[in-house]
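Hey, can you work out the whole structure from these sequences and the hints?
There are 2 protein chains.
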Amino acid sequence: MNNKKQNILIIGAGLCGSLLALRLGQRGYNVNVYEMRPDLRKTDISAGRSINLALSDRGFKAMKLTNIEDKVKELCIPMNGRMLHDKEGNTFLSNYSGRDHEYINSVSRGELNGLLLTEAEKHENVTIHFNKECKSVDFENTTALFRDFNTKDEFVEDADCIIATDGAGSALRNSYYLGKKFLFSFSQDYLNHGYKELSFLPTEDGGYKTYKNALHIWPRRSFMLIALPNLDGSFTVTLFLSYDEGEYNFNNLTTPEIVTEFFEKEFPDALALMPNLVDDFFTNPTSSLGTVKCSPWHYKGNTLLMGDSAHAIVPFYGQGMNAAFEDVVEFDNILDQNLESWEATFKAYEKGRKKDTDAIADLAIDNFHEMKDHVANPIFQEKRKIEMALEKEFPNDYSSKYSLVTFNETISYREAMLRGRAQDKAILNMLADGIISVDDDLNTILEKVKNETEAILEDDRIAGLS
Amino acid sequence: MNNKKQNILIIGAGLCGSLLALRLGQRGYNVNVYEMRPDLRKTDISAGRSINLALSDRGFKAMKLTNIEDKVKELCIPMNGRMLHDKEGNTFLSNYSGRDHEYINSVSRGELNGLLLTEAEKHENVTIHFNKECKSVDFENTTALFRDFNTKDEFVEDADCIIATDGAGSALRNSYYLGKKFLFSFSQDYLNHGYKELSFLPTEDGGYKTYKNALHIWPRRSFMLIALPNLDGSFTVTLFLSYDEGEYNFNNLTTPEIVTEFFEKEFPDALALMPNLVDDFFTNPTSSLGTVKCSPWHYKGNTLLMGDSAHAIVPFYGQGMNAAFEDVVEFDNILDQNLESWEATFKAYEKGRKKDTDAIADLAIDNFHEMKDHVANPIFQEKRKIEMALEKEFPNDYSSKYSLVTFNETISYREAMLRGRAQDKAILNMLADGIISVDDDLNTILEKVKNETEAILEDDRIAGLS
Numbered sequence: 001m002n003n004k005k006q007n008i009l010i011i012g013a014g015l016c017g018s019l020l021a022l023r024l025g026q027r028g029y030n031v032n033v034y035e036m037r038p039d040l041r042k043t044d045i046s047a048g049r050s051i052n053l054a055l056s057d058r059g060f061k062a063m064k065l066t067n068i069e070d071k072v073k074e075l076c077i078p079m080n081g082r083m084l085h086d087k088e089g090n091t092f093l094s095n096y097s098g099r100d101h102e103y104i105n106s107v108s109r110g111e112l113n114g115l116l117l118t119e120a121e122k123h124e125n126v127t128i129h130f131n132k133e134c135k136s137v138d139f140e141n142t143t144a145l146f147r148d149f150n151t152k153d154e155f156v157e158d159a160d161c162i163i164a165t166d167g168a169g170s171a172l173r174n175s176y177y178l179g180k181k182f183l184f185s186f187s188q189d190y191l192n193h194g195y196k197e198l199s200f201l202p203t204e205d206g207g208y209k210t211y212k213n214a215l216h217i218w219p220r221r222s223f224m225l226i227a228l229p230n231l232d233g234s235f236t237v238t239l240f241l242s243y244d245e246g247e248y249n250f251n252n253l254t255t256p257e258i259v260t261e262f263f264e265k266e267f268p269d270a271l272a273l274m275p276n277l278v279d280d281f282f283t284n285p286t287s288s289l290g291t292v293k294c295s296p297w298h299y300k301g302n303t304l305l306m307g308d309s310a311h312a313i314v315p316f317y318g319q320g321m322n323a324a325f326e327d328v329v330e331f332d333n334i335l336d337q338n339l340e341s342w343e344a345t346f347k348a349y350e351k352g353r354k355k356d357t358d359a360i361a362d363l364a365i366d367n368f369h370e371m372k373d374h375v376a377n378p379i380f381q382e383k384r385k386i387e388m389a390l391e392k393e394f395p396n397d398y399s400s401k402y403s404l405v406t407f408n409e410t411i412s413y414r415e416a417m418l419r420g421r422a423q424d425k426a427i428l429n430m431l432a433d434g435i436i437s438v439d440d441d442l443n444t445i446l447e448k449v450k451n452e453t454e455a456i457l458e459d460d461r462i463a464g465l466s
Numbered sequence: 001m002n003n004k005k006q007n008i009l010i011i012g013a014g015l016c017g018s019l020l021a022l023r024l025g026q027r028g029y030n031v032n033v034y035e036m037r038p039d040l041r042k043t044d045i046s047a048g049r050s051i052n053l054a055l056s057d058r059g060f061k062a063m064k065l066t067n068i069e070d071k072v073k074e075l076c077i078p079m080n081g082r083m084l085h086d087k088e089g090n091t092f093l094s095n096y097s098g099r100d101h102e103y104i105n106s107v108s109r110g111e112l113n114g115l116l117l118t119e120a121e122k123h124e125n126v127t128i129h130f131n132k133e134c135k136s137v138d139f140e141n142t143t144a145l146f147r148d149f150n151t152k153d154e155f156v157e158d159a160d161c162i163i164a165t166d167g168a169g170s171a172l173r174n175s176y177y178l179g180k181k182f183l184f185s186f187s188q189d190y191l192n193h194g195y196k197e198l199s200f201l202p203t204e205d206g207g208y209k210t211y212k213n214a215l216h217i218w219p220r221r222s223f224m225l226i227a228l229p230n231l232d233g234s235f236t237v238t239l240f241l242s243y244d245e246g247e248y249n250f251n252n253l254t255t256p257e258i259v260t261e262f263f264e265k266e267f268p269d270a271l272a273l274m275p276n277l278v279d280d281f282f283t284n285p286t287s288s289l290g291t292v293k294c295s296p297w298h299y300k301g302n303t304l305l306m307g308d309s310a311h312a313i314v315p316f317y318g319q320g321m322n323a324a325f326e327d328v329v330e331f332d333n334i335l336d337q338n339l340e341s342w343e344a345t346f347k348a349y350e351k352g353r354k355k356d357t358d359a360i361a362d363l364a365i366d367n368f369h370e371m372k373d374h375v376a377n378p379i380f381q382e383k384r385k386i387e388m389a390l391e392k393e394f395p396n397d398y399s400s401k402y403s404l405v406t407f408n409e410t411i412s413y414r415e416a417m418l419r420g421r422a423q424d425k426a427i428l429n430m431l432a433d434g435i436i437s438v439d440d441d442l443n444t445i446l447e448k449v450k451n452e453t454e455a456i457l458e459d460d461r462i463a464g465l466s
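Order-wise, the sequence lines are chains A and B.
Going by the numbering used here, the first sequence runs without a break in its numbering and finishes at 466.
Going by the numbering used here, the second sequence runs without a break in its numbering and finishes at 466.
Some hints here could point you the wrong way.
Given that identical chains are not distinguished, each listed pair holds provided it fits within a single copy or across any two copies.
[Unchecked claim] Here are the computed lysine-lysine pairs in the DSSO-like style, where the Cα-Cα straight-line distance is at most 30 Å:
#, residue 1, residue 2
1, K196, K212
2, K196, K180
3, K293, K347
4, K347, K61
5, K87, K73
6, K354, K293
7, K64, K293
By construction, these hints were calculated from the structure, which means they are not laboratory data.
As structure tokens, this is what we get:
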């Protein structure tokens, strides 16, 4: 496998697959990528609608590794914090961190994917084949069956190894599951909430209708609306709502009148910015929110799952793309070890990586509850206030759970989860018990939080809970 | 649905299905049960080998409900505790509870299933059809496709509702998954350990070769052997071992010499009782250990999963059968509410029950680690000692996690899990911190344990963790 003439077949040229192709191309492998969709640089796939994502420090690690950081930054809009909107239209800006240089970036999925494809194709040892849908993978023989979208012909390709970056509905993962050739642990977990994409269009002169450098949130306990800025002055707006619970839900929002009534009641300031609401609502699909975990990711040295195909997560930490990009960085680190075989490489990669992708999946579920519910809860607001002050006062000594996950790319997701959850528990309980309060001296608070966090982690260790 | 002439089709006449048929028969419904295997009362299915199970208080609730408690007791061998065996052959008996009337029962799966079938068939409104394998279920039309084992003919049956009690490999659950007609959350999680059944044969005069009234355990950290008594003087012995890790594992135990060497080294006192080891080892299959969770269990009012088909668990709490039997009790409670439709009935049943079957699944994984590892760990042994003393001294005021799960059938699995885990954490940490010790006054220990347990539960509540 250290022979650079090895042929690697990648299934899927989305964000993870095109980045992986770029990196493996840089390393000198012969790379063939098969993508089911047409080339998104030449086709207006989403009819002008740009789904956007939050790119943060773990994702940027991969941009640095592949030397495209500067080009990517041109596609980014910094979001310094969450702007909360209450029902009366009052807003409150809550920074993501007490450190000014820590922010997340709104980026268009299509633009970023296009850049990665272009960079990958600059390597003559990388070839991307569009309109070729993978139907199944014969993982025992390291071959994949494809269907050409235009000719409808089916054909089989082989390779020295196959890496599937074909997303949450992965054909390789499905072949693992249906094949029953080995014990395959697998889970798909759906939330009872779905989501629908809406939009704020730009002003007539191409400006932004609301504050540009924030991730806007309208938290309403059992549902919420969010908005992220796009380069063209528009915002991509997403409604997260139960399918069937509560007074309003996706199952009963069936007429323009009810949809408008719902927005008038719950999101009046947002409604004022979206004359296009009803059109968007009934044109765009309602999509599900699911978490996928599985193991093993690899079959011997033949095949490997990476990115969403191995670990699809809900979007509430803004880490799905970042986790997939970090996969490529971690895989690259394992390749640097020059292990004796693809099997050893895949095994070492999964062993090191899976605990972290499990952690970010669980953290994303945590944040689903935090975003829609806790941000409007007094004790959680006090905690946030204290943590912002600690981060500002002690930039090198304190990071909130959100900062640990989002801005501390040198520690793993699992470490961020364990420490972050313990810190949250420490602060919330000390607030509830009157041991600390928002007006206390920050040095005292920091010391108490650190000690209590360590005590919580130690208690869990003794009880065998972590 | 309150019309007793409703036709109910049950898929699977195992322990859960035959009990459900009995109970629904008692309630007056028209019940047809389809079972893929032949009638186990007439066929020697397992070639003389009786897999046995531990029946405890939650299971007995269902025996009482159906008025067959006395008949079932005749099939039971009480096991008062765990008998631990170390490598030198020393034994240590650790009771399951400090209360003498609390014990579990070894019972033969085949005998118990046979009894349930016979009791169910006493009702003329219950018919059991053997050798009819369910291939799939059309849950939208409430029909099931069967294949006759003898004639190989396929046929379709319909009913007012279909309840699948067809175990971990459920055909209905598979139809839910493959149908993709609704969001179906599903997980299958395998341990890296498998198991193999072995045996101690009776003595020549039909007696027991080792102590009868215990569940014997040979804990060896990363693997273990257990033995349960049978009525005929034999013991069913089970080896739990990794497939591929450690010096000895299922993948490398490939010759009679290596198997014997492994037992000589690790289980010499057991080996002395099993001249039949090599035969058993190479005749019996190695089976996997998996947990299945899913949701929803029902499709409208048409179909419902119950027992292992809805929630298969690993065997380490001895609660798989008990949980399935408790399902029937809980379902019966919902039927007593006379809700307006099967859909309302199924929905109420799942809403009340799923949190508890999720809990016992997680508890069973906990106990996997406790049985093979913690029982040989000094601080866990001290905890056990303290808990036994507390249960003996304060029979109405203290129950260990094991007792809460196994003998406190009036509290739910979830409540038992939350309280039991908090108690364990409290005792282990107070032991580690020197706040309590095994020689302290029991009144003082009880008070400290109760207070600390409450504090732990309260801390978790404040942090939103439970």
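Quick rundown of the hints versus the structure:
Taking the closest pair of Cα atoms, K196 and K212 come within 30 Å of each other only inside a single copy of the chain (21 Å); across copies the shortest separation is 63 Å, beyond that limit. Within a single copy, K196 and K180 get their C-alpha atoms only as close as 36 Å, which misses the 30 Å cut-off; across copies the closest is 20 Å, which meets it. For the identical chains of this complex, K293 and K347 are neighbours both inside a copy (17 Å) and across copies (27 Å), given an alpha-carbon limit of 30 Å. Within a single copy, K347 and K61 get their C-alpha atoms as close as 23 Å, which meets the 30 Å cut-off; across copies the closest is 47 Å, which misses it.
Neither within a single protomer nor between protomers do K87 and K73 lie at most 30 Å apart by alpha-carbon distance, with minima of 35 Å and 63 Å respectively. Within a single copy, K354 and K293 get their C-alpha atoms as close as 9 Å, and across copies as close as 21 Å, so both meet the 30 Å cut-off. Proximity of K64 to K293 under the C-alpha cut-off of 30 Å is restricted to the intra-copy arrangement: shortest distance 28 Å within a copy versus 41 Å between copies.
In summary, the structure is inconsistent with hint 5 from the numbered list given earlier, while agreeing with all the others.
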